[in-house]
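Engineer: The residues making up each chain are set out below.
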Amino acid sequence: SQQGEEDPQALSIQEGENATMNCSYKTSINNLQWYRQNSGRGLVHLILIRSNEREKHSGRLRVTLDTSKKSSSLLITASRAADTASYFCATRNTGGFKTIFGAGTRLFVKA
Amino acid sequence: NAGVTQTPKFQVLKTGQSMTLQCAQDMNHNSMYWYRQDPGMGLRLIYYSASEGTTDKGEVPNGYNVSRLNKREFSLRLESAAPSQTSVYFCASSEEVQGGIQYFGAGTRLSVL
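Those protein sequence lines, which keep their order, are chains A and B. For the first sequence, my numbering assigns the number 161 to the initial residue and increments by one for each residue that follows. For the second sequence, my numbering assigns the number 9 to the initial residue and increments by one for each residue that follows.
Next up, chain B with everything else stripped away, as it sits in the complex (with noise of 0.2 Å):
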C-alpha cells in the first residue's frame, strides 16, 4: 500500500527551465493538494483539486500550474523556473467523510540555480 507517491525525490534547475512534479495516490481519494515548505515555515498551499476535473488557486500559485489527470494523479508544473521556487514540495491527499486527514508524499526537493 504505497499511500502517495511524488515523482522526483530531488531535482536541480537551472533559471528558466520547465519541469513536472509527478504526485499519485492509491487511496481513492477526491480531494488532492500542493504545498511547498520553505526552511523553518510551514506549508504553504500552491494549488488544489477538490475533486477530479476541478482545481483551485491556493495561497501561492504564482509561476504554477496544475493538472488533476484522473483521479488518482496530480502533476505541478514550473514554466519558466526562478530562485525563488527553491523549496520542497509536497503532495497530499484526503477524503471530505474523514474531516479532510491529509496524507502527505516523501516530497520533493527542489533547486533552482
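Here chain A stands alone, though its shape is the one from the complex (with noise of 0.2 Å):
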C-alpha cells in the first residue's frame, strides 16, 4: 500500500490565493519530499525536509512537517495559473532505498 496519502484529492483556486495540501505518512522516514507533476509529464522534485526538521522554505513554497502526527503540509503562496498541476508527497523510509509516492493532489489555478 502507499506509504503517503495526499489530502485534498483535488484543490480549485484563484490566482492569487493561497494552496495548501497536506500529507500523511504510516511509518518512520529519513526525509519527506514533494513533486510537482504537469499533466503529461514526468515528476518535478520541488523540496526535501529530513525527519529532523520541522518547517522549509523555497521561493513561494513552504513545507511543514510533525513527524509526532507523521504528516507534512505544503504551502504554495501566491498561486499562478501555471502552479496548476498534480502534487505529490513521497516519503524515505530509515535505512531503505525506496521512496514511495502518495496518490497525489490536483491542483487548479483559475486566472
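Keep in mind that a hint or two might mislead.
Below, simulated BS3-like cross-link-like pairs (lysine-lysine); rule was C-alpha separation at most 27 Å, straight line [what the hints assert, rightly or not]:
| hint | chain 1 | residue 1 | chain 2 | residue 2 |
| --- | --- | --- | --- | --- |
| 1 | A | K258 | A | K230 |
| 2 | A | K258 | A | K229 |
| 3 | A | K229 | A | K186 |
| 4 | B | K65 | A | K230 |
| 5 | A | K230 | A | K216 |
| 6 | B | K79 | A | K258 |
| 7 | B | K65 | A | K186 |
| 8 | A | K186 | A | K216 |
| 9 | A | K186 | A | K230 |
| 10 | B | K79 | B | K65 |
| 11 | B | K17 | B | K65 |
| 12 | A | K258 | A | K186 |
| 13 | A | K258 | B | K65 |
| 14 | B | K17 | A | K258 |
| 15 | A | K258 | A | K216 |
To list a few chain B residues with every Cβ distance to chain A over 10 Å, as calculated [what the hints assert, rightly or not]:
| hint | residue |
| --- | --- |
| 16 | A10 |
| 17 | P16 |
| 18 | G24 |
| 19 | G61 |
| 20 | G71 |
| 21 | R76 |
| 22 | E87 |
| 23 | V105 |
| 24 | S119 |
Don't read these hints as lab results, they were simulated from the structure. Source: prediction; values computed, not measured. Ideal placement from N, C-alpha and C gives every residue a C-beta, glycine not left out.
Now that you have both chains on their own, put them together as the hints suggest.
Structural biologist: Now the structure itself:
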C-alpha cells in the first residue's frame, strides 16, 4: 500500500490565493519530499525536508513536517495559473532505498 | 545535459507480445527505479536497483523483469503483455547523498490491447 496519502484529492482556487496540501504517512521516515507533475510529464522534485526538520522554505513554497503526527503540509503562496499541476508527497524510509509516493493532489488555479 | 532518457515514448502492444522499455541516465547516479502510474493515482514502484549489479522488487513486480545493464542503463521487460499493464511507465534515478531526490524521465505511454 502507498505510504503517503494526500488531502485533498483535488483543489481549485483563484490566482493569488494560497494553496495548502496535506500528506500523512505511516512509518518512520528519513525524509519527506514533494514533487510536481504537469499533465503528461514526468515528476519534478520541489523540496525535501529531513525528519529532524520542522519547516522549510523555497521561494513561494513552505513545507512543514510533524513527525509525531506523521504528517506534512505544502503551502504555495500567491498561486499562479502556471502552478496548475498535480502535487505528490513521497517518503524515504529509514534505512531504505525506496521512495514511496502518495496518490497526489490535483491543483487547479483559475486566472 | 539530458538527465533521464526513456524510449520509446509511446507503444501499443497486443496481449501476449513482449517488449523492453529502455532507460538511461547521465548523472552518474547509483540508484535507478521503474514506476507505473495509472489514471488518478500516484506512482507505484515496480523494481529498483540500489546500485550497479543489484535489483530488487518493489510494490508491483509481477509480470515484469529488469536488467541493470551498467551504471547508466536500467531496462524493464514485459515478457507477455496483459491489458492490466496498460499504464504510463516512468524511470527515475537518484543519489543517496542527495537524500534520494528522484530525477524522472518523460515517461512511456503503453497500451495493451
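Engineer: Report the numbers of all earlier hints that the structure fails to satisfy, in ascending order.
Structural biologist: none
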